[in-house]
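Protein chains in written order, with our numbering: chain Y, 146 to 469; chain D, 146 to 469; chain G, 439 to 756; chain L, 439 to 756.
Keep in mind that the hints are not guaranteed to be accurate.
Unchecked claim - What follows is a list of derived Cβ distance ranges for each label pair: (1) L/Glu640 to G/Lys729: 54 to 62 angstroms; (2) D/Lys370 to G/Tyr751: 31 to 39 angstroms; (3) Y/Ser374 to L/Arg691: 58 to 66 angstroms; (4) G/Glu726 to D/Arg147: 54 to 62 angstroms; (5) L/Glu640 to G/Gln665: 29 to 37 angstroms; (6) D/Lys192 to G/Glu694: 45 to 53 angstroms; (7) Y/Tyr333 to L/Glu640: 54 to 62 angstroms; (8) D/Pro345 to G/Pro743: 40 to 48 angstroms; (9) Y/Glu332 to G/Gln665: 54 to 62 angstroms; (10) D/Arg451 to G/Glu734: 25 to 33 angstroms.
What the hints assert, rightly or not - Now the stretches of chain L that chain D is said to cover, found in silico as 3 or more residues with beta-carbon under 8 angstroms: (11) 521-531; (12) 547-557; (13) 589-599; (14) 636-650; (15) 741-754.
Honestly, the hints are just simulated from the structure, not real lab data.
For each residue, glycine too, the CB sits at the ideal point set by N, CA and C.
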Amino acid sequence: MREITYRQALNEALDEELTRDRAVFVAGEDVAIYGGAYGVTADLWKKYGDDRVKDTPISESAIVGLGIGAALTGLRPVVEIMYIDFIPLALEQINNQAAKIRYMFGGKCKVPLTIRTEGGAGRTLGAHHSQSLEAWLIHIPGLKVVMPATPADAKGLLKSSIRDDNPVVFIEHKMLYNTKGPVPEEEYLVPIGRAEVKKPGRDVSIITYSRMLLFSLEAAVSLEKEGISAEVVDLRTLLPMDVESIVKTVKKTHRVVIVEEDCKTGGTGAEIGMTIMENAFDELDAPIKRVAGADVPMPKSPVLERLAIPDPERICQAVKEVLR
Amino acid sequence: MREITYRQALNEALDEELTRDRAVFVAGEDVAIYGGAYGVTADLWKKYGDDRVKDTPISESAIVGLGIGAALTGLRPVVEIMYIDFIPLALEQINNQAAKIRYMFGGKCKVPLTIRTEGGAGRTLGAHHSQSLEAWLIHIPGLKVVMPATPADAKGLLKSSIRDDNPVVFIEHKMLYNTKGPVPEEEYLVPIGRAEVKKPGRDVSIITYSRMLLFSLEAAVSLEKEGISAEVVDLRTLLPMDVESIVKTVKKTHRVVIVEEDCKTGGTGAEIGMTIMENAFDELDAPIKRVAGADVPMPKSPVLERLAIPDPERICQAVKEVLR
Amino acid sequence: MMDKTLAVQLLKQMMEIRQFEDKIMELLAKNVAEGGSHLYAGMEAVAVGAISALRTDDYITSTHRGHGHAIAKDGDLKALMAEILGRKTGVCKGKGGSLHLADVSKGNLGANGVVGGSIGLATGAGLSIKMKKTDQVVLCFFGDGATNQGIFYESLNIASLWQLPVIYICENNFYGMSVSVKRASAVQDLSKKALAFDMPAETVDGMDVLAVRESVSRRVNQARSGQGPSFIVANTYRYYGHSRSDPRVYRTREEEKFWRERDPIPNFSRKMIEQGILSQEEVTQLEEQVKQAIEEATEYAIDSPWPEPEELYTDLYA
Amino acid sequence: MMDKTLAVQLLKQMMEIRQFEDKIMELLAKNVAEGGSHLYAGMEAVAVGAISALRTDDYITSTHRGHGHAIAKDGDLKALMAEILGRKTGVCKGKGGSLHLADVSKGNLGANGVVGGSIGLATGAGLSIKMKKTDQVVLCFFGDGATNQGIFYESLNIASLWQLPVIYICENNFYGMSVSVKRASAVQDLSKKALAFDMPAETVDGMDVLAVRESVSRRVNQARSGQGPSFIVANTYRYYGHSRSDPRVYRTREEEKFWRERDPIPNFSRKMIEQGILSQEEVTQLEEQVKQAIEEATEYAIDSPWPEPEELYTDLYA
Ligand SMILES: Cc1ncc(C[n+]2csc(CCOP(=O)(O)OP(=O)(O)O)c2C)c(N)n1
Ligand SMILES: Cc1ncc(C[n+]2csc(CCOP(=O)(O)OP(=O)(O)O)c2C)c(N)n1
Ligand SMILES: [Mg+2]
Ligand SMILES: [Mg+2]
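Just chain Y, same shape as in the assembly (with noise of 0.2 angstroms):
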């Protein structure tokens, strides 16, 4: 299969999405004349204009509710938050109008509006730009939350946020955008709301998501070289989360480690420990470990960055602590 990076691969979902449906349109900071400031816009502008490809002003919370405004009146918007740093302006709107606005009208209206954005630390770019704040996400029911970790699922997991009649906030991560995996030519989709098991094992379940996948396979090679089988299980969607599939994982290995970017406390780890906690507690064999972010705000220096995250010897050192 043809190789194409994250980046592209998304770039491929939204080509593909405007072209089929008329309904869909894109919009954000400099996501047209410039391409997104990652790139993941390129080229769409030239193709489908300004109509379709909207460049807006700095207003984070009124770009979330144009979207919203379009989508309860017939359309898909995709719109683009540039960092996940910036979602708190734009929370009010996505919090309690885009997720809320169907409930509260008794189920009668639908709000299909895909927000993109990307979070995640490695660039060295500081306090503001750095950080990972999916946890406030899956803690708003009426959202779903999807943060795929290679580009295959990028594409097939943007193209299914797309066509979703719910709102969707779509994670990307900065430092993703480069990697390349295989994918399909031919169009498809990935189901929302999935799991996958990245790689299988025996001892031991990695739970994790987004760049962390990356870091935990690493980790699984070398762990695999110790005599030490881990199956690596990407979430793709933390909400709604894969309660089946983690369930799976658990009632095989028996023992557990979370690895999340985000900071620990009251981060996505604690509420996938839970999960276990609540539907597979009998089937552990030892407590659950989280390898998770530093509580502090991102530093800027690459020194203190790269401690400030996991990273795959510290998730081999979590997977030796929990086998003991």
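Starting from the structure of chain Y, add chains D, G and L with the ligands where the hints point.
Chains D, G and L with the ligands in isolation, oriented as in the chain Y frame:
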């Protein structure tokens, strides 16, 4: 000891701190002439004037921004966000600025800001006036998050929050304002970061905070009649969490029910649960149970609203399940 | 001369709103209605005049004070009353309540518990219209207090920049809860806020239903014909306190009296009678008719069942 | 006639900023500096002219493009360079980086990674001054793009309402990243945005350090003497792309040339030489001196140690 309401206790705390320290001031929507939507700032404007008790425009983002700027330059602002549902409007300022500035600036400044707000369901106000969003806030390193349940704790913790050199989000509960309890006449403080056992017990630990403390105590009384001795732990501060007290109660009872009003998925209970998992797994004789808010926007209808949050009966049920 | 059907329609809707609100006040006092309700009494001429300038396929967005807008946008009194009481038969199945009255099928994109919360949505609906090239328009209602919210400015900028068919109507009742415009806004003439976006703006007497209708009609025509958005400030007054417990210490009884004298309903009735368009009898009849309708709606609502427990979890995802 | 000390100070600071930014560009190309940096080259006259109108105890708030402001507000070149390289000796101990240069002790309340993120803080500092009755002022810098953010409007309203001593300076370089003011703002004359708040406003040539200084001085005096806030738009240009990888497709080479010809540094030097205030030799010497200082700062930064691993967890809580 005299008994006063939670509202009065808060009012006294503000009054005393305004008198004690000229650097303290209060600002927010309707806090002056009106005395606060729930009456917490009643009469302070008359006593201290426009200069120290300030009505603001409806500009949540700028209100918090103002507070940060004033705190950074030597004052001790106490700003009010009328409902926690509007906290997202100010979350960029809270998350990116208030909580991170000190760290980003290498520790060379401080932000002694108190943000008072109010949350929770119970008045059938619908989805925009009934939320519990504390889980977002505990995921912000650099903040402290305080959520008192009794009048005495409310007063002592608000005074501590105002004197704290860090940004504190102080979350009141709309259903507690009229509740009464003993409050010392003399000056006292309640330290931030310390849980309190509000009722000792042997068989099971109910870990909770804010209004759910009242329901948990009610449940504990019923359970007592059935011969079940529940220990009820009131966290009081959610960030930093009092791990020691949590571990202590788990070591005592070996069974835990967490009671929280916020939506279950990604809620505060997940972090409490994982804290136990990581610090006292081997002490657990049964899986931890969460009794939490339903994963839906708060419905208006009183019959649905009651179902959407925990009640004493469901707490009793959960306790019996963990004791099985 | 004025069309009689129109006169009846305007007067009837204003009466409906007034009596609806008075009824809610009564139900609140009896604890039949629970929770809060921000009442529209006194401001009827704004919703009725403005929405009368619309086609049925046009959109509105509403506010925390949304009963009036909902009624004027062809709302069913029974379904609205039932919604406010949290009943299964409510327009939102009892899930929304007073703060979230909405009926997207009728072009009411919803009341909003967040001050300023619907201004972005309105702008998005405008974009939708522009992209679909229909000639609908959007009326976006909000209060004077909301003009201090960031999203208000962000939205007006975009609407003006993209020339979207949205009419922004500020219902200036001179207070945001207890805080007067004087204490909340650097400009007292709120129409000046549109200067920041080169958006046409005007101020209208919000107690005069025909004046509102005329002003909005003109702006609607402009928007429909591609001339972009506009900003209208309608000066008006709310008769009740902000909420039930509000002792209204922030305003004087004289000021209230001043505005009571400009009550949009008797004033419009009088005018219609003077002009010979309606007779006193017809007015009295209309009032009776409305009273009847409100009573029926109230009974309907009170007799309606509560939502089933299972409904807690329905209607969340499409 | 112009004071020579002042001329030297202004020219020297502008040179420092320019050379500092050129050096960062070089270090980025060599991957000695990691991450992004938004460079201030081209815009020197704004920071230098504006901040020269301040006392040392006055405050500024800065932006994502904050090197220039930090240098002009008495920043130490070594500590700033070290910060940008993420070293322990940096002004924020390597924790802030380019986007968060700050030195509260010198009145620099910090650069900000969030567009518009510091406008509220500046307003709060203004409130602080007013409450403490000192006669300090606050200069709040932000870009043209930031004037589309909600908090910009919310803050200006409050500042005008409460008459706070804050001067809001919009550095209008005609683009927010790739989006031109034409494509982002409904008004092209950004000073019009102050009309919404009855705030005095003016536009100044942001390539002319003396013009900026004069305009800001006047506004600072007003603010100091209790006459409240003002809004200044300084028209300027950034010479580099928004970030290193930016191919600048959104603007023409002709446009860039036009602005290069108005380069604030040679223009000011020329003027000073023409007026006999400085000699060509002195200018050349100054340039050399600055070059030396930048080299020293760079060396210092590169030779500086990284933060210790333990520092990850320090400085979080007071
Ligand atoms: C964002 C937000 N802040 C505060 C409130 C609380 N609140 C409800 S109505 C109101 C006053 C609104 O004033 P205005 O916009 O003038 O509308 P009016 O009530 O006068 O019709 C306030 C402060 C809210 N609902 N939303
Ligand atoms: C809230 C927010 N949105 C988007 C960005 C990404 N971003 C960084 S700089 C920039 C352009 C800012 O334009 P302007 O305010 O004109 O300042 P300039 O860069 O031109 O100096 C953008 C969009 C950001 N940092 N913050
Ligand atoms: Mg009002
Ligand atoms: Mg710019």
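(request) Quick one: which hint numbers does this structure break? Sort them smallest to largest. (result) Per hint list: 6, 9 and 14 violated.
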